[in-house]
Amino acid sequence: MKTPVTTYRIQLHQGFPFEEATKIVGYLAKLGISDFYASPIFKAKAGSTHGYDVVDPTQLNPELGTEEIFNQLVEKLQHHRMGWVQDIVPNHMSYDQDNHYLMDVLENGLNSDYVQYFDLAWNSPFRSSQDPILAPLLGDFYGSCLENGDIQLQYNQDGLTVNYYALRVPLRLESYSIFLTRDLGKLTRILGRRHPDFVKLLAVLYMLRSLPTESGGKQRKDQAEFVKGLLWELYEGNPEVKDYIDENIKFFNGEAGNPHSVDWLDKLLSEQFFRLSYWKVGAEEINYRRFFTVNELISVRVEDLKVFNQTHELIAQLVQDGKVTGLRIDHIDGLSNPKQYLQRLKEKVGDAYIVAEKILQPGEDLPKDWNIQGTSGYDYLNYLNSLFCYVQNEQRFDQIYQQIQGRSIAFEEVVLDKKHLILDKNLAGDLDNLAALLKDISLKDRYGNDFTINGLKRAIAEVLVQFSIYRTYTTDEGIAEDDRNYIKTAIETARENAPFSQKELDFIEKLLLLEYDDSLTESDKERWLYFVMRIQQYTGPLMAKGVEDTAFFVYNRLISLNEVGGDPNRFGISATEFHQFNQYRQQNWNIAMNASSTHDTKRGEDTRARINVLSEIPDEWQAQLQKWREINQKHRTQNRKAFMPSANDEYAFYQNMIGAYPFQDSEMEEFANRIEQYAIKSIREAKVHTAWLRPNGAYEEACTKFVQSILKDDRFLAEFIPFQKKITHYGVFNSLSQTLIKITSPGIPDFYQGTELWDLSLVDPDNRRPVDFIQREAFLDAIQSATISELMPKLLEKPQDGQIKLFLIVQALKVRNQFKSVFLNGEYIPLEATGKFKDHIVAFARKDGDRMVVTIAPRFFTRLIQPDQLPLGEIWEDTAIELPASGWKDAISETEHAGTAIALKDALKNFPVALLTH
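Sequential numbering of the sequence shown, starting at 1, is according to the working numbering.
Treat the hints loosely; a few may be bogus.
To be verified - In silico DSBU-like pairs for lysine-lysine, Cα to Cα no more than 35 Å straight-line:
1) Lys-200 - Lys-221
2) Lys-798 - Lys-838
3) Lys-838 - Lys-348
4) Lys-348 - Lys-525
5) Lys-510 - Lys-457
6) Lys-306 - Lys-348
7) Lys-627 - Lys-798
8) Lys-488 - Lys-503
9) Lys-186 - Lys-267
10) Lys-847 - Lys-346
11) Lys-267 - Lys-323
By construction, these hints were calculated from the structure, which means they are not laboratory data.
Hey, can you work out the whole structure from these sequences and the hints?
Spelled out as structure tokens, the structure:
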């Protein structure tokens, strides 16, 4: 296995393809990066900006470049001895016309070779359905789209398709008869019954009525291709046939504004294996599994061995060829059986480095029987971030937030409320499907025979919302003890909240714990297990949508804590907790990823670092809030019920402004657009006053007006900017400390593109903006050509351009590469400081034999220095650290230190953090 030393995540897309990536390889190597870490590179929906909407995992994405250009990138990386960690998407594909697997299913139904590819109601083993597969992709009601002429029939060499803007779906062959016989008498009169081409057309109609129906049959496929080919030959070769088909196309498409003119097209569409519908219908009538609640991403049945082998053919070949050396598994909780999947993956790719995108709640661990190296780093991110939140001020922030809201709100209550909201609105159809499956099971049980579908649905919903983790992992091998405890806790809490569903909850508990009765047949047991494994695939989406994508935009006490995998209810952690986490990580997951920013984080690492400063100064923060709200009251819009934006949304907006406000005035115009777009996204995600499913134009317009107005209000800016600059000053040092800690903690430090300079981004798509690598390489060259003694004072004097962060990364990665065994295998030893400011220091040693590295990183700077001071030298007074040995050199400032104890005024004399090597 090639184990990374560091990874650097690149978002590849049409605007930044393989060729552009090749140009930055030299820069990454100079920076000290060991592994190129790429977003999905397989063929995706046209114009994809992220690659997760895959249409064909067996092809490289042509929008990223040719195979030749891809190989040039590989060769460049290998020249610099860099590995390639590849993000793969096993759970879902794009519901798109270029997904030929799905289009084949929609054209041929159960006769398709690919019907087992997708998680459809058709192939459910215990509750199958022959209803058309929903295509909830229309922007308006089906009838309106049809009558407005937005839905159009087209014909070409590939056959008849129904088109809705960029969407193009093939029609089932059997329904061609409706189209071809619409006015067949007219063509008969023109050509005559004995005309060879008319006879061929009759042969086409005959073959359409006698297509073989065996599933996946080669005979049917061959006959279908023959029929299409013959019809196209007639179309191309006979002007009368061409005119007849063209006239029929025009007739079926009707006239916009004439409802009856599309009756024939409506009838034709009713004969299909799919059903076009308004996108909002998907929430309540879905009959395929999606990625979370995204209609455009249809889930793949990768648990089917044939599907697994076919969809992993190319990535396995790239690993075997040595072009890809590691894998990141996207959304592993969406899979039916993650353990089985990982076993198969290991068999296919061998000893490759593998991490999974797995969200762990505080106290939860990755299943030990997963044969991988760990997670992609959200668990680490939240421990690191929480280290810079001042725990002792939790009660004051509760008071501030209660005053803003006018009432006390517990995060747990928000989570339950929003999970129920998601089940009621966004996952209602999925809940119906689970309830129907459970109803079938209950009918075979004397104690469940009287359960109603609505009663079961209420009980399932109550259990789903009570899970404190993303999912459990029950399989035919049984239930892990930890999972058994999570299930029991969820059921017990559900019983407290649903007193009228006790019988149903007892029954669900028996199923989830697989407490089989002796009377059950093997088939009954399989049905139970299927239900359990099915329900496990929905607790994750419910957590993601209910908590991360809703509650995190509603509960705004301190929004730096509202991060993927985080718990806003946990107001920071102690240094002791952080050390314990790292010690466990070193023993169990020492080469998992250490993330601080990703393509999915709600805020960039340096945005959070700034907002965390507020946790140290609640009184000053409250005073500023009061001033700003008074000044900006005139910019809020009043309706009959309340002011817009709400106090809660206004409160969150100020925090985001503090965190993301640019260093440079030249960036203000772009920032105004960014923060305005963010404001709309955040209030829609909150789903309180407006939502994606039901936009409230008046509220959104009021919020946009508010944002635009205050950014032009000189009185507000005169109050805001001095305070924001003060926060920024302290935030710089928070950022430097968290950067050094990330690089030296157990695990593999991961850098998201561009974050070697300040990362003041907000939620996507803001965090996927273009990165100026030319500027970064110029900065790097300047840093590497300067002497340390001359460079550091200049960087400290002018931190605005981010070079100080880049310098720290360069120096720390030199150590990371030089002391590989220390960071890979070394012990993790917490170090305690003594003296006046001992609580402001996070320090630890990494030790492998006689080789040692010590990290010294301060925090809570508002209690240490004034806004015009640097946290250097004498300000540390008597604070000191006892070291494991004597004779050290600071790899950042290149100064030497003798003895087994070091005073912080010496260790941090020239730079705000220290990295001592021995």
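Going through the hints against the structure:
1. Between the alpha carbons of Lys-200 and Lys-221 the distance comes to roughly 19 Å, so the proposed pair stays at or under 35 Å and holds.
2. Annotation: proposed proximity of Lys-798 to Lys-838 holds, straight-line Cα distance about 28 Å (limit 35 Å).
3. For the hint pairing Lys-838 with Lys-348, the CA-to-CA distance comes to about 51 Å; that exceeds 35 Å, so the pair is violated.
4. At most 35 Å may separate the alpha-carbon atoms for a hinted pair to count; Lys-348 and Lys-525 meet this at roughly 31 Å.
5. A threshold of 35 Å between alpha carbons decides the hint, and for Lys-510 with Lys-457 the separation of about 16 Å falls inside it, so the pair holds.
6. Pair hint Lys-306 plus Lys-348 holds up; C-alpha atoms about 13 Å apart against a cutoff of 35 Å.
7. With a C-alpha separation of about 30 Å, the suggested pair Lys-627 and Lys-798 falls inside the 35 Å cut-off, and the hint holds.
8. A threshold of 35 Å between alpha carbons decides the hint, and for Lys-488 with Lys-503 the separation of about 15 Å falls inside it, so the pair holds.
9. The suggested pairing of Lys-186 with Lys-267 holds, with an alpha-carbon distance near 21 Å, which does not exceed 35 Å.
10. With a CA separation close to 32 Å, the supplied pair Lys-847 and Lys-346 stays within the 35 Å bound.
11. Note on Lys-267 and Lys-323: the hinted pairing is violated, with a Cα-Cα distance of about 51 Å set against a maximum of 35 Å.
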